[in-house]
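2 protein chains.
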Amino acid sequence: MPNNPVLNHHISSQFNEDLQDVNTKFMTMGGLVEQQVANAIHALLDTDAAMAIDVQFQDNTVNRYETEIDEALTLILARRHPAAIDLRMVIAMSKANTDLERIGDEAAKIARIAQSLCEEGGSPRGYMETRHIGNQVRVMIHDALDSFARLDVDQALKVLLADADIDREYQSATRTLMTYMIEDPRHITRVINVLWVLRSLERIGDHARNISEQVIYMVKGFDVRHTSVEEIEQKVQR
Amino acid sequence: MPNNPVLNHHISSQFNEDLQDVNTKFMTMGGLVEQQVANAIHALLDTDAAMAIDVQFQDNTVNRYETEIDEALTLILARRHPAAIDLRMVIAMSKANTDLERIGDEAAKIARIAQSLCEEGGSPRGYMETRHIGNQVRVMIHDALDSFARLDVDQALKVLLADADIDREYQSATRTLMTYMIEDPRHITRVINVLWVLRSLERIGDHARNISEQVIYMVKGFDVRHTSVEEIEQKVQR
Numbered sequence: 001m002p003n004n005p006v007l008n009h010h011i012s013s014q015f016n017e018d019l020q021d022v023n024t025k026f027m028t029m030g031g032l033v034e035q036q037v038a039n040a041i042h043a044l045l046d047t048d049a050a051m052a053i054d055v056q057f058q059d060n061t062v063n064r065y066e067t068e069i070d071e072a073l074t075l076i077l078a079r080r081h082p083a084a085i086d087l088r089m090v091i092a093m094s095k096a097n098t099d100l101e102r103i104g105d106e107a108a109k110i111a112r113i114a115q116s117l118c119e120e121g122g123s124p125r126g127y128m129e130t131r132h133i134g135n136q137v138r139v140m141i142h143d144a145l146d147s148f149a150r151l152d153v154d155q156a157l158k159v160l161l162a163d164a165d166i167d168r169e170y171q172s173a174t175r176t177l178m179t180y181m182i183e184d185p186r187h188i189t190r191v192i193n194v195l196w197v198l199r200s201l202e203r204i205g206d207h208a209r210n211i212s213e214q215v216i217y218m219v220k221g222f223d224v225r226h227t228s229v230e231e232i233e234q235k236v237q238r
Numbered sequence: 001m002p003n004n005p006v007l008n009h010h011i012s013s014q015f016n017e018d019l020q021d022v023n024t025k026f027m028t029m030g031g032l033v034e035q036q037v038a039n040a041i042h043a044l045l046d047t048d049a050a051m052a053i054d055v056q057f058q059d060n061t062v063n064r065y066e067t068e069i070d071e072a073l074t075l076i077l078a079r080r081h082p083a084a085i086d087l088r089m090v091i092a093m094s095k096a097n098t099d100l101e102r103i104g105d106e107a108a109k110i111a112r113i114a115q116s117l118c119e120e121g122g123s124p125r126g127y128m129e130t131r132h133i134g135n136q137v138r139v140m141i142h143d144a145l146d147s148f149a150r151l152d153v154d155q156a157l158k159v160l161l162a163d164a165d166i167d168r169e170y171q172s173a174t175r176t177l178m179t180y181m182i183e184d185p186r187h188i189t190r191v192i193n194v195l196w197v198l199r200s201l202e203r204i205g206d207h208a209r210n211i212s213e214q215v216i217y218m219v220k221g222f223d224v225r226h227t228s229v230e231e232i233e234q235k236v237q238r
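Those protein sequences? They're chains U and R, same order as listed.
Residue numbers for the first sequence follow the UniProt record's numbering, beginning at 1 and rising by one.
Residue numbers for the second sequence follow the UniProt record's numbering, beginning at 1 and rising by one.
Among the hints, a few may not be true.
A pair holds if it fits inside one copy or across any two, identical chains being indistinguishable in the list.
[To be verified] The calculated lysine to aspartate or glutamate pairs, modelled on DMTMM-like cross-linking and capped at a C-alpha distance of 20 Å, are:
# : residue 1 : residue 2
1 : K25       : E71
2 : K220      : E68
3 : K95       : D223
4 : K158      : E231
No lab work stands behind these hints, which were simulated from the structure alone.
With the hints as extra help, turn the sequences into a complete structure.
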């Protein structure tokens with residue numbers, strides 16, 4: 001795991017250990033969630049029903065991490081009264097924790113659809129788009145977590161820019177799938193399932209963006225939600 | 001506004017004032033968000049394009065509230081070091097703040113669809129379902145906020161039960177709309193727009209549920225996310 005500069009400046013070694021522990025747990029959860037998304041997409045595109053079931057089952061583990069991380073953060077707030085960047089780190093991790101759990105939920109939704117498409121026979125319509133957007137979204141999760149671990153504002157900005165791409169590609173893929181449905185209404189149900197998958201991927205991109213916004217908040221101390229990427233870049237460089 | 005029992009037990013009057021202020025802001029934001037959802041549904045069902053535009057515009061106000069409430073909560077953590085139920089109230093409000101903002105986002109999405117359906121001419125397909133689920137979801141938001149204001153665990157439980165209903169009705173409405181599309185593919189694009197609206201309403205129900213879970217956490221001190229309603233009822237009565 002990359003070295004986190006916040007975790008090495010404390011006089012109280014107990015405080016340091018507490019923050020270190022919750023940070024390790026957060027990063028482990030992040031790795032698991034990243035894998036869940038990869039597995040859900042794999043299950044869908046390669047009609048792997050066993051993996052689709054496994055992803056839905058593993059969502060419980062993700063949920064347990066969310067609960068444990070929130071508990072640990074609450075204890076840190078109650079006992080250690082963190083200030084300045086430590087407090088921002090606790091707040092950022094609490095928000096990012098919710099986003100990671102939601103990414104896990106979306107992966108489970110994709111896996112549920114993958115499972116039913118395995119049973120009905122696959123729908124190659126829209127799979128190219130799914131593979132493409134799926135790969136981009138996986139990179140976004142990875143970069144968001146990496147920027148969180150290394151407090152890297154530039155990498156966080158990269159994720160914000162990638163999210164704008166995803167939104168455009170999602171719009172375009174949706175239009176393509178609409179055309180398929182109108183041309184061949186026999187496959188409406190299957191194509192709508194692929195539409196739901198694309199929407200889940202787009203939501204995952206939003207959550208990766210949220211995590212990156214928390215990195216900027218943690219490092220720079222200002223809230224960049226509801227702000228355009230251009231404005232954020234200007235603020236960060238100031 | 002109903003009387004909040006947490007806000008009257010402090011020895012430090014400054015602490016009391018700070019919590020009171022952020023609580024007032026949170027409730028004002030809640031009222032605005034509730035109105036946004038009502039207006040978005042009205043704009044859709046009564047093809048009111050002006051209102052559809054207004055809802056999208058007002059989303060900025062919702063976003064501003066989110067930022068201000070998080071700022072106020074961070075200041076309380078940094079300066080007042082809340083403990084026990086005060087700390088849980090700050091944490092619960094921080095989480096519920098995110099949910100309120102997301103409800104605002106979904107209202108804006110519904111309004112965007114309403115605007116485009118106004119331009120293309122309405123789609124009466126699925127409007128009965130939208131009206132019905134829309135009304136239920138509005139009651140859920142109202143009850144979730146009311147239970148938050150009054151720390152009323154029973155009312156919070158009512159919201160959790162209502163969410164299970166919404167999920168069932170959403171499934172059933174989705175199946176009905178799929179049938180419409182297969183029977184009459186000429187209206188696929190419009191019907192899919194109504195599907196997106198129903199999905200937004202279902203998400204709003206989830207957010208109202210999340211807020212109610214935070215009420216239970218705040219009052220009882222345990223985390224009931226990822227727990228079935230039956231288990232929660234047992235835990236609460238213990």
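Do the hints match the structure? See the list:
1. Taking the shortest Cα distances, K25 and E71 sit within 20 Å of each other inside one copy (12 Å), while across copies they are farther apart (26 Å).
2. Within a single copy, K220 and E68 get their C-alpha atoms only as close as 27 Å, which misses the 20 Å cut-off; across copies the closest is 17 Å, which meets it.
3. When the C-alpha separation of K95 and D223 is checked against a cutoff of 20 Å, the pair qualifies both within a copy, at 12 Å, and between copies, at 16 Å.
4. Within a single copy, K158 and E231 get their C-alpha atoms as close as 14 Å, which meets the 20 Å cut-off; across copies the closest is 43 Å, which misses it.
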